[in-house]
Structures are given as C-alpha cells and as structure tokens.
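Could you build all of it, start to finish, from the sequences and the hints given here?
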Amino acid sequence: MIKLLKCEFMKTRRRYVFVTALVITAAMLAWIYPRHRSADLLRLGWMANLYELPLINSIFMPLLSIIVSSRLCDIEHKGAMLKQLAVTEKRGQIYDAKLLYGLAIMMFCVGLSWGMTIAFGYIAGFEGGPPIRLYLLYLLLTAAPTIAVYIFQHTLSLCFKNQAVTFFTGAIGTFFGTFSMFLPQLPWLRGSLIWGYYGALSFVGLFDWSKDDRYKLAHFDVIGVDWKFFAALIFICAAIYIIGREIFKRKEL
Amino acid sequence: MNEIVKTTNLTKRYKGAAAVSGLNMSVKEGRIYGFLGPNGAGKTTTLKMLLSLVRPTAGEIEIMGRRMNAENRIEILRGIGSLIESPSFYGHLTGEENLKILQTLLGVPKRNIDKVLRIVRLENQRGKKASAYSLGMKQRLGLAGALLSFPKLLILDEPTNGLDPSGIQEMRGLIKSLPKEYGMTVIVSSHLLSEIDQTAEDVGIISNGRMMYQGALDDLHRVDETKSLEEIFLDLTERERSL
Numbered sequence: 001m002i003k004l005l006k007c008e009f010m011k012t013r014r015r016y017v018f019v020t021a022l023v024i025t026a027a028m029l030a031w032i033y034p035r036h037r038s039a040d041l042l043r044l045g046w047m048a049n050l051y052e053l054p055l056i057n058s059i060f061m062p063l064l065s066i067i068v069s070s071r072l073c074d075i076e077h078k079g080a081m082l083k084q085l086a087v088t089e090k091r092g093q094i095y096d097a098k099l100l101y102g103l104a105i106m107m108f109c110v111g112l113s114w115g116m117t118i119a120f121g122y123i124a125g126f127e128g129g130p131p132i133r134l135y136l137l138y139l140l141l142t143a144a145p146t147i148a149v150y151i152f153q154h155t156l157s158l159c160f161k162n163q164a165v166t167f168f169t170g171a172i173g174t175f176f177g178t179f180s181m182f183l184p185q186l187p188w189l190r191g192s193l194i195w196g197y198y199g200a201l202s203f204v205g206l207f208d209w210s211k212d213d214r215y216k217l218a219h220f221d222v223i224g225v226d227w228k229f230f231a232a233l234i235f236i237c238a239a240i241y242i243i244g245r246e247i248f249k250r251k252e253l
Numbered sequence: 001m002n003e004i005v006k007t008t009n010l011t012k013r014y015k016g017a018a019a020v021s022g023l024n025m026s027v028k029e030g031r032i033y034g035f036l037g038p039n040g041a042g043k044t045t046t047l048k049m050l051l052s053l054v055r056p057t058a059g060e061i062e063i064m065g066r067r068m069n070a071e072n073r074i075e076i077l078r079g080i081g082s083l084i085e086s087p088s089f090y091g092h093l094t095g096e097e098n099l100k101i102l103q104t105l106l107g108v109p110k111r112n113i114d115k116v117l118r119i120v121r122l123e124n125q126r127g128k129k130a131s132a133y134s135l136g137m138k139q140r141l142g143l144a145g146a147l148l149s150f151p152k153l154l155i156l157d158e159p160t161n162g163l164d165p166s167g168i169q170e171m172r173g174l175i176k177s178l179p180k181e182y183g184m185t186v187i188v189s190s191h192l193l194s195e196i197d198q199t200a201e202d203v204g205i206i207s208n209g210r211m212m213y214q215g216a217l218d219d220l221h222r223v224d225e226t227k228s229l230e231e232i233f234l235d236l237t238e239r240e241r242s243l
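First to last, the protein sequences are chains A and B.
Read in order, the letters of the first sequence are residues 1 to 253 in my numbering.
Read in order, the letters of the second sequence are residues 1 to 243 in my numbering.
I should point out that these hints are in silico values taken from the structure, not numbers from a laboratory.
This one's a predicted model, so the numbers in the text were calculated from it and none came from an experiment.
Glycine included, each C-beta is placed from N, C-alpha and C at the ideal position.
Be aware that one or more of the hints could be misleading.
[Unchecked claim] Computed spacing ranges between beta-carbons, pair by pair:
1. A:Val165 <-> B:Glu60: 32 to 38 Å
2. A:Ala171 <-> B:Gly65: 48 to 54 Å
3. A:Lys78 <-> B:His221: 40 to 46 Å
4. A:Leu183 <-> B:Ser131: 44 to 50 Å
5. B:Glu123 <-> A:Leu100: 32 to 38 Å
6. B:Arg67 <-> A:Gly92: 18 to 24 Å
7. A:Gly92 <-> B:Gly40: 30 to 36 Å
[Said to hold, decoys possible] The list that follows gives simulated cross-link-like pairs (lysine to any residue, SDA-like), each with its CA atoms no further than 20 Å apart:
8. B:Lys227 <-> B:Glu238
9. B:Lys129 <-> A:Ile75
10. A:Lys251 <-> B:Lys227
11. B:Lys152 <-> B:Glu75
12. A:Lys78 <-> B:Lys15
13. B:Lys15 <-> A:Ile247
14. A:Lys3 <-> A:Leu82
15. B:Lys128 <-> A:Thr12
16. A:Lys6 <-> A:Gly92
17. A:Lys78 <-> A:Phe176
18. B:Lys128 <-> A:Arg15
19. A:Lys78 <-> B:Ser131
20. A:Lys83 <-> B:His92
21. A:Lys83 <-> B:Gly107
22. A:Lys161 <-> A:Ile75
23. B:Lys129 <-> A:Gly92
24. A:Lys83 <-> B:Gly79
25. A:Lys83 <-> B:Glu97
26. A:Lys90 <-> B:Glu75
27. B:Lys110 <-> A:Thr88
28. B:Lys180 <-> B:Met64
29. A:Lys161 <-> B:Ser86
30. B:Lys115 <-> B:Gly79
31. B:Lys6 <-> B:Met212
32. A:Lys83 <-> B:Arg78
33. A:Lys249 <-> B:Ile76
34. B:Lys180 <-> B:Glu29
35. A:Lys90 <-> B:Gly107
36. B:Lys152 <-> B:Gly79
37. B:Lys110 <-> B:Lys128
Below is the structure:
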C-alpha cells in the first residue's frame with residue numbers, strides 16, 4: 001500500500017491537483033469573507049458562520065470532490081494504465097490507494113478552510129472568541145459528508161472512462177443537495193442524498209430574524225445535531241465504499 | 001520442453017455469445033508463440049484472460065506450472081510482462097518517470113530502467129514527455145515497461161499495430177532477440193500472417209474463438225506444400241466460419 005501511495009504522488013507530478021484544490025478552496029473563502037458585515041453580524045459572527053457555512057460547503061466541497069477525483073483517475077484512463085496496474089497489483093489496493101490520496105487532499109482543504117474561517121473571524125473582528133467545541137463539531141460534520149461524496153465521485157471516476165459521467169452526476173447531486181437545504185420541512189430529502197448531508201447535519205438555527213429589523217434582535221442557537229443522520233451517513237459511506245470497491249474489482253479492463 | 005502457458009477449455013461468453021470457446025493453448029518455454037487470427041477472432045480476449053483482466057466464463061489457466069486462482073494470481077502475474085492493445089503510459093510524465101513508477105511497483109532495481117531504455121533505444125528520449133512521443137516511441141515505451149522486470153513470459157498483443165515499416169522491422173528484431181538474449185518466452189498476437197511468419201517459431205491460429213491449428217510454424221508450412229501459408233491460413237479460418 002505504501003508503494004502504491006508513493007506512486008500516486010509520483011503520478012500527479014505536473015497535474016497540479018493540489019494547486020487546483022487550493023485554488024478552489026481559496027475561491028470559496030474569497031466568496032464568503034471579503035464583504036461588509038454590519039455591527040449586528042460582527043456581534044453574531046462566530047455563530048453566524050456555523051449557520052451559513054454548511055450551505056457554502058454543500059456547493060464547494062462536492063465541486064472540489066468532482067475535480068480532485070476526476071484529475072486523479074483520468075490519468076489512468078487516458079494512458080490505459082489500469083490494465084497495466086491490475087496485472088501487478090491487487091485491484092482493491094489500487095482503489096484504496098487512489099482513494100486515500102484523494103481523501104488526503106480533500107481533508108487538507110476541509111482543514112484549511114476551517115482554519116481560515118477562524119482566522120478570518122479574528123481579522124473581521126467578530127465579538128469574543130470562537131466556540132471551539134462547536135467549531136470542532138462543525139469540522140467533523142463537514143468532513144463526514146465530504147468523505148461520503150468523495151468516495152462516490154472516486155468510484156465513478158475510476159469506473160467510467162468518460163469523465164463527463166462523473167461531472168454530470170456530481171453536478172446534479174450538488175444541485176439537489178443544495179436545493180434540499182431550502183426545504184427544511186422535508187428533512188427526508190436531505191437525508192436521501194449524500195450531498196444533502198451538509199444541511200442535514202447543520203446544528204445552528206437562526207431565530208427572531210425579521211425583514212425590518214434584520215439581525216438587530218436575531219440570535220443563533222444550537223439546535224443540536226441529528227445523530228440519526230450522522231449514523232445514516234456513516235452507513236452510506238461504508239456501503240458506497242464496499243460496493244464501489246467491489247464494482248472496480250469485478251470490472252473487466 | 002516445458003509448457004509455460006497451458007489453457008484447458010478456456011471459454012469466454014458475452015451475453016451468451018462466445019468470444020472464446022473451449023480454447024486449449026499450449027506455449028513452450030523459451031519459444032516465440034505467434035497467436036494469429038483475423039480481427040475479432042478472440043486473440044485479445046484470450047490474452048486478457050491470461051492476465052486476469054477479463055474473467056473466463058469457464059476453463060483453466062496454468063502459467064509456469066501453476067494453476068491460476070484468486071490467491072496466487074498476482075504472484076504469478078508479477079512474472080509476466082505485457083503489452084495489451086495500446087501501450088500504457090502517463091502522457092504528462094517523461095518516459096523515465098513512467099518507468100520509475102513501474103519500477104517502484106515491481107520492486108526491481110533502478111538500473112533496470114537504464115537497461116530497458118537501452119534495449120528499446122529510448123535512452124536519448126528518456127526526459128521527453130510520453131505524450132510528445134511518436135506512436136513508435138510510445139509502443140517502445142510500452143515494451144520497455146513490459147520488460148522492466150525481465151520476466152520469464154512476455155505477452156504482446158499486436159505490438160506492431162500502427163507502426164511504419166521501419167518501426168515494424170525494428171520491433172520484430174527486438175522480439176526475436178528476447179528469447180536468445182534474456183531467456184524469455186514471448187506470446188505475440190497479430191492478425192497479419194507475414195508478421196507471425198517472420199517472428200514466431202510456434203503458432204496458434206484462432207478463428208471465431210476456436211483454436212484451428214496449433215504447432216510449429218514449420219509444420220504449418222508442410223500441411224499442404226502446394227499451398228502458400230496465406231492460403232492455408234485462409235482455409236483454416238474460412239473452415240471455421242462455414243461451420
């Protein structure tokens with residue numbers, strides 16, 4: 001496995017996968033932060049972040065997953081390398097090594113965006129300090145759906161030569177996942193799509209917001225994590241991994 | 001002479017249609033075995049089954065005296081070099097970087113990279129990106145990858161496809177030198193009779209997934225001395241089609 005991971009690193013030379021991932025993460029951060037914040041929002045800043053960011057993540061993290069998985073797997077299809085690798089290495093290990101390498105990039109980006117979120121909070125002058133426990137919980141609940149989405153995209157990218165399949169499926173999923181966040185009355189919709197789990201696992205709610213007063217009287221409160229959704233996500237993650245790996249192992253090259 | 005490859009009733013069906021049917025292949029060690037057949041005869045499917053890239057519907061495969069199964073598959077296949085359909089390479093990496101990846105995976109000494117680059121005459125192009133190689137150079141890079149571990153058995157599927165006459169000549173010379181210089185057994189497939197005639201010592205002729213003839217190439221010449229090799233080949237393949 002170590003030598004396969006080492007080879008993954010060697011293969012991505014001149015592919016700029018890591019740089020691409022950083023650019024997308026930077027674009028995400030640039031979209032969120034350099035904007036005017038009212039005094040009310042500065043007061044509520046740390047909690048407001050936890051309320052807003054799952055929506056942003058539901059767009060950018062799946063997009064990042066599509067791009068990273070596709071760039072890592074496409075090199076195998078373009079060069080017809082899978083049939084070469086499959087002769088000397090176990091297929092399950094080929095699947096795992098590529099997945100681990102991609103997930104490492106994804107988790108780095110998740111961690112980076114998390115760290116930058118806190119840094120920007122300080123720079124913007126949010127009142128008080130960040131509620132660290134809640135931010136750690138947010139990190140976990142961002143990483144979990146990202147892992148699920150990435151495993152799904154990785155399987156598609158590895159099994160289909162035509163990367164348009166990966167892009168199309170990922171884009172549709174992202175659309176419905178994000179869309180489901182605007183329909184809080186339909187929690188089952190969020191729970192039925194892996195892309196919807198950014199919303200399904202969000203744990204901060206906005207209260208007393210009004211059109212006239214906007215954030216003057218508003219406050220953000222922890223509404224709690226629906227751990228049933230988290231358990232379902234872990235189950236889905238495992239199922240996608242087991243099924244995806246098996247499909248790849250059985251695929252005729 | 002030992003058999004390095006032996007298949008028994010090897011069969012592959014796709015949605016009920018047989019691509020390969022009850023194939024009994026026998027390749028002797030240290031020889032060049034030409035696997036000849038028209039396009040779509042089942043050559044690539046057979047070679048892919050030998051390399052476990054395609055799962056046989058029925059039959060058995062024995063390589064280097066060991067019956068292949070899920071447990072020993074990788075161990076056996078690591079002793080085989082292969083070039084199937086088109087050459088495999090990462091276009092964004094140089095020829096040398098491509099071989100470095102294979103060398104890491106195979107766990108063979110680094111000096112093998114220099115050796116194989118010299119054998120396929122790519123030593124002066126080692127720093128060039130593989131995507132910038134000509135078709136012949138890509139084919140030679142694919143062959144270098146297959147040779148990297150200096151395997152006992154080399155499987156080459158239509159290695160001269162798309163090459164110009166001088167490239168074909170060069171590839172032919174290279175293939176012929178392998179058993180003598182490195183003690184390899186080579187299975188080389190082609191749909192071109194002239195190709196096999198000038199390269200192989202033994203031949204297997206396949207048509208519609210069935211083995212029509214197998215034996216020494218010289219014996220095939222003697223099947224009917226009034227006929228040319230081409231006529232004999234056509235007779236064999238036409239016979240199968242008419243069945």
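* Asked: Are the Cα positions of Lys180 of chain B and Met64 of chain B separated by 20 Å at most?
  -> holds, 19 Å
* **Holds or violated: Lys90 of chain A to Gly107 of chain B, with C-alpha atoms at most 20 Å apart** => holds, 15 Å
* Does the alpha-carbon distance linking Lys152 of chain B and Gly79 of chain B stay inside the 20 Å limit? -> holds, 6 Å
* To do: For the pair we were handed, Lys128 of chain B and Arg15 of chain A, check the Cα-Cα distance against 20 Å.
  => Since the Cα atoms of Lys128 of chain B and Arg15 of chain A sit roughly 16 Å apart, the hinted pair holds (cutoff 20 Å).
* Verify the proposed pairing of Lys6 of chain A with Gly92 of chain A, using a straight-line Cα cut of 20 Å. => holds, 16 Å
* Are Leu183 of chain A and Ser131 of chain B spaced within 44 to 50 Å by their CB atoms? -> holds, 47 Å
* Has the given pair, Lys129 of chain B with Ile75 of chain A, been kept, meaning a C-alpha gap of at most 20 Å? -> holds, 14 Å
* To do: Could you check the hint for me, namely that Arg67 of chain B and Gly92 of chain A are 18 to 24 Å apart, CB to CB?
  => Because 22 Å falls inside the window, the suggested range holds.
* Asked: Would you say the C-beta atoms of Lys78 of chain A and His221 of chain B sit inside 40 to 46 Å of each other?
  -> Holds, since Lys78 of chain A and His221 of chain B (Cβ atoms, about 43 Å apart) stay within the stated range.
* Asked: Holds or violated: 32 to 38 Å for the Cβ distance of Val165 of chain A and Glu60 of chain B?
  -> holds, 36 Å
* To do: Below or equal to 20 Å on CA atoms is what counts here, so check Lys83 of chain A against Gly79 of chain B.
  => holds, 16 Å
* Agreement of Lys180 of chain B and Glu29 of chain B with the hint, judged by alpha carbon distance not exceeding 20 Å -> holds, 12 Å
When each numbered hint is compared with the structure, violations occur for hints 10, 12, 17 and 23.
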